[in-house]
Amino acid sequence: MSAFSAIGEQREADEDEFTPGIEPQPTWCPGCGDFAVNNALKKAMSKLGKNPDEVLLCTGIGCSGKLNSYFESYGFHTIHGRSLPVARAAKLANPGVEVVAAGGDGDGYGIGGNHFMHTARENHDMTYIVFNNEIFGLTKGQTSPTSPKGHKSKTQPSGSAKQPVRPLSLSLASGASYVARTAAVNPNQAAEIIAEAVEHDGFAHIDFLTQCPTWNKDARQYVPYTDVQDSDDYDFDVTNREEAGKMMYEVESKLYEGEVLTGRFYKAEDRPSYGEEKRATGEMPEEPLAERYYDEDAEWERCAEQLIQKHT
Amino acid sequence: MTDQELIWRIAGGSGDGIDSNSRYFAKALMRSGLDVFTHRHYPSRIRGGHTYVEVRATPDGAASRGDGYNFLLALGDSFARNPSEDAYYGNEELKPLSENLDDLREGGIIVYDSGLIDEEQVAELNLEERAEENDWHVYPVDLRGIAKEHGREIMRNNAGIGVTAALLDMDTSEYEGIMEEMWSDDILEANLAVIQDGYEQAQEFEQNHDISMPDHEEPEEPQALVSGSDAIAYGALDAGCRFIAGYPMTPWTDVFTIMSQNLPQFGGISEQVEDEIAAAALALGASHTGVKSMSGSSGGGFALMSEPLGLAEMSETPVVLIEAMRAGPSTGMPTKPEQADLEHVLYTSQGDSTRVVLAPGDQQECYEQIRTAFELAYDYQIPALLIYDQKLQGELRNVDASFFDQEPDGDPGSVITEEEIAEAAEHHAGKFKRFQYDAEGGKEGVSPRSVPGQKGGRFLATGNEHNEAGHISEDPDNRVLQMNRRLGKLESIREELDEKGNQTHHGPDEAEYGIMCWGSHQGTVFEAVDRLNDDGHSVKAIGVSDLMPYPEEEVSAFLESVEECLVVEMNATAQFRGLTQKELGRFGPKLSSLLKYNGNPFEPAEIVEGFESSIEGEELAVSNMKYVPAAGD
Ligand SMILES: Cc1ncc(C[n+]2csc(CCOP(=O)(O)OP(=O)(O)O)c2C)c(N)n1
Ligand code: SF4
Ligand SMILES: [Mg+2]
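Chain order of the listed sequences is G and E. For the first sequence, our numbering assigns the number 1 to the initial residue and increments by one for each residue that follows. For the second sequence, our numbering assigns the number 1 to the initial residue and increments by one for each residue that follows.
No lab work stands behind these hints, which were simulated from the structure alone. These numbers come from a predicted model, not from an experiment. Note that the Cβ used here is the ideal one computed from N, Cα and C, for glycine as well. Please note that a few of the clues may not be correct.
Straight-line alpha carbon distances no greater than 25 Å define the calculated PhoX-like cross-link-like pairs of lysine-lysine that follow [unchecked claim]: (1) G:K162 with G:K246; (2) G:K47 with E:K455; (3) G:K43 with E:K455; (4) G:K162 with G:K254; (5) G:K217 with G:K140; (6) G:K246 with G:K149.
Anything over 10 Å on all C-beta distances counts as not near chain E; from chain G, calculated [what the hints assert, rightly or not]: (7) Q25; (8) F35; (9) P157; (10) A173; (11) E192; (12) V228; (13) E243; (14) K246; (15) S253; (16) P272.
The following label-pair restraints were derived from C-beta to C-beta distances [to be verified]: (17) E:D185 with G:K310: 20 to 26 Å; (18) G:K154 with E:Q265: 52 to 58 Å; (19) G:K254 with E:Q265: 49 to 55 Å; (20) E:E200 with G:E276: 54 to 60 Å; (21) G:E9 with E:L481: 34 to 40 Å; (22) E:L481 with G:E15: 31 to 37 Å; (23) E:W183 with G:Q10: 56 to 62 Å; (24) G:G21 with E:T331: 49 to 55 Å; (25) E:W183 with G:T312: 15 to 21 Å.
Turn these sequences into a full structure, and let the hints steer you where they fit.
Structure, rendered in C-alpha cells:
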C-alpha cells in the first residue's frame with residue numbers, strides 16, 4: 001500500500017478546497033493580473049479532481065511567488081529563479097505528485113533562464129506558469145527581460161536598449177513539449193489551458209500575460225485579445241514544430257505592436273517525458289523512489305555486498 | 001622512517017596510465033600483507049605534464065605520505081611538448097626524471113625508460129655526479145622496447161613493474177594475479193610477458209642497493225584499498241542516500257562519479273545538471289519529497305550553492321552537501337590540496353548559520369561521518385556538510401574489509417506517517433503544523449515532517465520567515481520562537497556528536513605540548529607526534545572533525561592540559577585556529593600555527609621541524625611553510 005494516499009484518488013473536487021484557510025485573500029494590488037492566475041489554477045485543479053495534498057506548487061520570488069500563500073496545496077516557495085530545479089527533482093523523487101512551478105518573468109526568463117532552458121530540454125512531466133507582466137513587480141518596477149525595447153524605468157531612465165526575450169520561441173527551441181500563452185483578461189481560456197498543461201505528459205510551459213497596473217501603467221491591459229484557435233485569421237498545425245515556430249515569432253512580435261494573440265502554440269505528439277526516457281535507460285526506478293522510504297518491508301542494498309569486493 | 005619502508009614513485013605524463021598502474025601495484029603490496037598509502041601529484045592537464053603517484057608500503061601501518069621517497073620509476077612523458085623548443089613548461093620529456101630528483105633519499109633507486117629518455121639528455125642532468133653524491137643506484141632499461149616487443153607501447157608501465165619487482169626481490173605473483181582479474185587472452189598474455197621480460201632484464205644488472213621488499217606476512221583479514229571518495233560514496237549509499245545531483249568539478253567529481261555509477265543498481269537516481277545552483281536545488285526538491293538526497297562541489301561550485309544552502313536552513317529541508325577543497329582563491333590550483341575553504345563552508349549564505357559541518361580525517365572517518373551527516377540532517381531537518389580536500393579524496397589506503405560490513409539505513413528521519421499526521425497537533429486552518437514551536441515526542445526543537453502526497457500533511461516550505469504552518473510571517477514573537485527553535489537544534493546535535501566521539505586523539509595522555517589539526521593530514525600529524533615522542537619530546541595531538549557545532553568541551557580540555565599548542569593546517573590565514581579562538585574565546589596566547597599552502601601536503605618531517613623550531617623560537621629553515629606565533633607573542 002502506498003504511503004501517499006492523496007495521490008491518484010478519483011474524487012470530486014471543489015474550487016474552495018484550493019483556497020487556504022490561513023490566507024484566503026491575496027494581497028496583490030487591486031487590478032493585478034496575478035489574481036487571474038490563482039483563480040485559473042484553482043479552477044483547473046478542481047476540474048481535474050485533484051486533491052490539494054497530491055499537488056506540489058513550487059514558486060520563485062516576486063509578486064508572482066506569493067501564489068504559494070494563496071493557493072492551498074503542498075508548497076515550496078523557493079528562492080529567486082530556482083523554482084524549476086526544485087520542482088523537477090520533486091517529480092523525479094515521486095512521479096505520482098502533481099508538480100507545478102510558477103514565477104515571474106524576471107524569475108523565469110532572467111535569473112532562472114538557464115534552468116528554464118534545461119528543464120524544457122529535459123521535458124520533465126510538469127507544468128510551468130510564468131506570470132509575464134513585463135516588469136519586476138516586487139522590487140518596484142524595474143525593467144525586466146520581457147519589457148519592450150525603449151521601456152523606461154528607474155534603472156533604465158533613457159529607455160531599454162535591449163530587445164525583449166521571446167519566451168515562446170525560447171521555450172520551443174529549448175525543447176518544451178507544450179507551449180501556450182494566455183492572459184489574465186481571459187479566465188476561461190486560462191483555466192482550460194492550465195488543465196491541458198497539467199494533463200500533458202511532458203514539460204508544459206504557459207506564458208501568462210498578467211498586467212501590473214502599479215508599475216507598468218503604460219502597458220496594455222491585454223485587451224482586446226485574440227484566441228488563435230478561435231480565429232479564422234490564423235491557421236497552423238500546433239503539432240508541427242516549424243509552423244509553431246513561425247506562429248510564435250509572429251505572436252511575440254505582435255505583442256509589442258499592440259496586438260494580443262493567445263492560445264496553444266505547440267504540442268508535441270508522442271514525445272516521451274524525461275521520467276520515461278530515464279526509466280528506459282535503467283537509471284530511474286520503475287516504482288516511485290519516495291515510496292521505498294516509507295515501506296517497512298523495503299530492502300536496502302549494502303555496499304559491503306555489492307562494492308567492497310572489488311577493492312580487496 | 002625505517003628501512004622497513006618502501007616509497008615507490010612512478011612518474012610520467014598525465015594520460016600515461018600512472019594512476020591505474022600505481023593502484024594495481026599498491027593492491028599487490030596490500031595483498032602481500034603490507035600496509036599501503038598513496039600520494040598523487042598531478043597537473044590540471046589531460047595529456048602530458050609532470051605527474052607522479054607514490055605508494056608507501058610498510059609492515060606496520062601507513063597513514064600518511066612519507067618523507068621523500070626511495071624508489072623512482074621514471075617512465076618518460078609520451079605527451080611531452082616538443083623538447084627542442086625552449087618551452088614555458090621546460091623539457092617535458094625529461095621531467096619524469098629531472099623533476100623527481102630533489103625528493104629522492106640517499107641510497108635511493110632510479111629506474112628510467114631509456115627507450116623514451118635519451119642518454120644525451122640524461123647527461124645534461126649531471127645524473128652520474130648526483131648519483132655518486134647521494135649514493136643513488138641508477139638502472140636504465142628500455143621499457144618501451146620491451147613493451148613493443150611483446151605487446152603495445154602502453155604496456156611499458158608493466159615492464160617497469162617487472163623491473164621494480166626484480167630490484168626489490170619481490171614476488172610478481174600478486175601483481176600478475178591482478179592482471180588476470182583485469183585482462184584475458186592475448187592482452188593478458190602480452191602484459192604478463194612484458195612483466196617477465198622486465199623482471200629478467202633487471203636481474204642481469206649488478207645490484208648493490210639496500211632497498212628491498214619490506215617484511216610481510218599473509219594479512220590476518222582481507223583488506224580493501226579505498227580512497228576518501230570511495231569511502232564517502234559508500235557511506236552515503238549505506239546511509240540510504242538514493243538521489244544525487246551535481247555538476248563536475250575537481251576534486252568533488254570522484255564522489256559524484258562513483259555515486260552515478262552505482263545508484264542505478266541501488267535503485268536510486270543521479271542527475272548531472274546545468275550548474276551547481278541547480279544541483280543543490282534539486283537535492284532540496286528530492287529531499288522535500290521524501291528522498292534522502294545529496295549534492296556537492298568544490299570551491300567555486302560550492303559558492304554557487306550558497307543561496308540554496310540558506311534555503312535549506314530556513315525551510316528546514318534536510319540535505320547533505322559535500323565540499324572537496326582545492327587550492328584557491330578562484331580557480332586556484334584545481335588539482336592541488338588546500339584547506340582554505342573552512343570559513344566559506346561554515347558561513348556562506350545570508351543570516352545566522354544553522355548547519356552541521358564535519359571534516360573527516362581519513363577513509364574510515366569519511367565513511368562514518370557522511371553517515372552521521374545523513375543521520376543528523378534527516379533527524380534534525382538541517383543541512384549537514386562534509387568538508388574534505390583533494391588529498392583525502394584521491395589517496396588510497398588499506399582498511400579492514402570487514403569495516404564496511406555495516407547495516408544500511410533507509411530511515412527518513414523525522415517524517416511521520418499519515419496516521420500520525422491525523423493525530424498530530426491541531427492543524428492551522430487545514431494546514432499541518434510543520435514548524436510547530438513545541439512539538440513533543442521527538443528530538444529537542446524538531447517538529448515532525450510530512451511529505452507531498454501524504455494526506456492531511458500539506459504545508460508551505462519557504463525561505464521567508466514563517467509561522468507554524470509555513471505561511472510567511474514577520475511577527476516579532478514568532479520570529480524569535482522560530483529562530484530559537486532552529487538554532488536550538490544545534491545544542492542537541494552537539495550532545496549526539498559527543499556520543500559519537502569524532503575527534504581523534506593521539507600520543508600520551510599527559511604531555512607538555514599539543515598539536516591540533518583538522519581533516520586530511522591527521523595521519524601525517526600523528527606520525528610526526530610519534531617521532532617527536534621517540535626523540536624525547538612530550539607531545540600529544542587531536543584531530544578535530546566536528547567544526548559546527550564545535551566540540552567546545554573536548555578541545556578546551558585538550559588545550560588546558562598542555563602548555564602550548566601548534567595548530568597545523570593547509571592554508572595561509574590560520575582559519576581553524578581562528579575558529580578555535582572564536583568558539584572558545586580564550587587560549588590565544590597558547591596557540592601558534594604551522595601553515596602550508598604551496599599545493600603539496602605536509603610530510604611528517606616538516607611537522608617535526610615546524611614543531612621543533614616553534615618551541616625553540618627559531619625561524620623556519622624552509623620557505624615552503626609559514627609559522628605564525630601566538631597572539632601576544
Ligand atoms: C538572488 C536575488 N536577487 C534579487 C532579488 C530581489 N528580487 C526579488 S523579486 C525580483 C524580481 C521580480 O520580478 P519578477 O520575477 O518578474 O516577478 P514579479 O514581481 O513581477 O511577479 C527581484 C529582483 C532576490 N530576491 N534574490
Ligand atoms: S506590484 Fe504589480 S505585479 Fe505586484 S502585486 Fe502590484 S500590480 Fe501585481
Ligand atoms: Mg514580473
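Outcome of range test on Cβ distance (G:E9, E:L481; 34 to 40 Å): Since G:E9 and E:L481 have Cβ atoms about 36 Å apart, the given range 34 to 40 Å holds.
Supplied distance hint 49 to 55 Å, evaluated on CB atoms of G:G21 and E:T331: For G:G21 and E:T331 the Cβ distance comes to about 52 Å; the hint holds.
Hinted pair G:K43 and E:K455, Cα distance within 25 Å: holds (21 Å)
E:E200 paired with G:E276, Cβ distance criterion 54 to 60 Å: About 59 Å separates the Cβ atoms of E:E200 and G:E276, which means 54 to 60 Å holds.
Pair hint outcome, G:K162 versus G:K246 [Cα-Cα no greater than 25 Å]: holds (22 Å)
Minimum Cβ distance from G:V228 to chain E greater than 10 Å, as the annotation requires: holds (32 Å)
E:W183 versus G:T312 beta-carbon gap, inside 15 to 21 Å or not: holds (19 Å)
Distal placement of G:F35 relative to chain E, Cβ over 10 Å: holds (18 Å)
Closest CB of chain E to the CB of G:E192 still more than 10 Å away: Holds, because the least Cβ-Cβ distance between G:E192 and chain E comes to about 25 Å, which exceeds 10 Å.
Beyond 10 Å from every chain E Cβ - status for G:S253: Non-interface label stands for G:S253: nearest chain E Cβ at 29 Å, farther than 10 Å.
Restraint check for G:K162 with G:K254, where alpha carbons must lie at most 25 Å apart: Holds, at roughly 17 Å.
Restraint status (C-alpha distance of G:K47 to E:K455 at most 25 Å): Distance ~20 Å between G:K47 and E:K455 Cα, so the pair holds.
Checked against the numbered hints listed earlier, the structure breaks none of them; every hint is satisfied.
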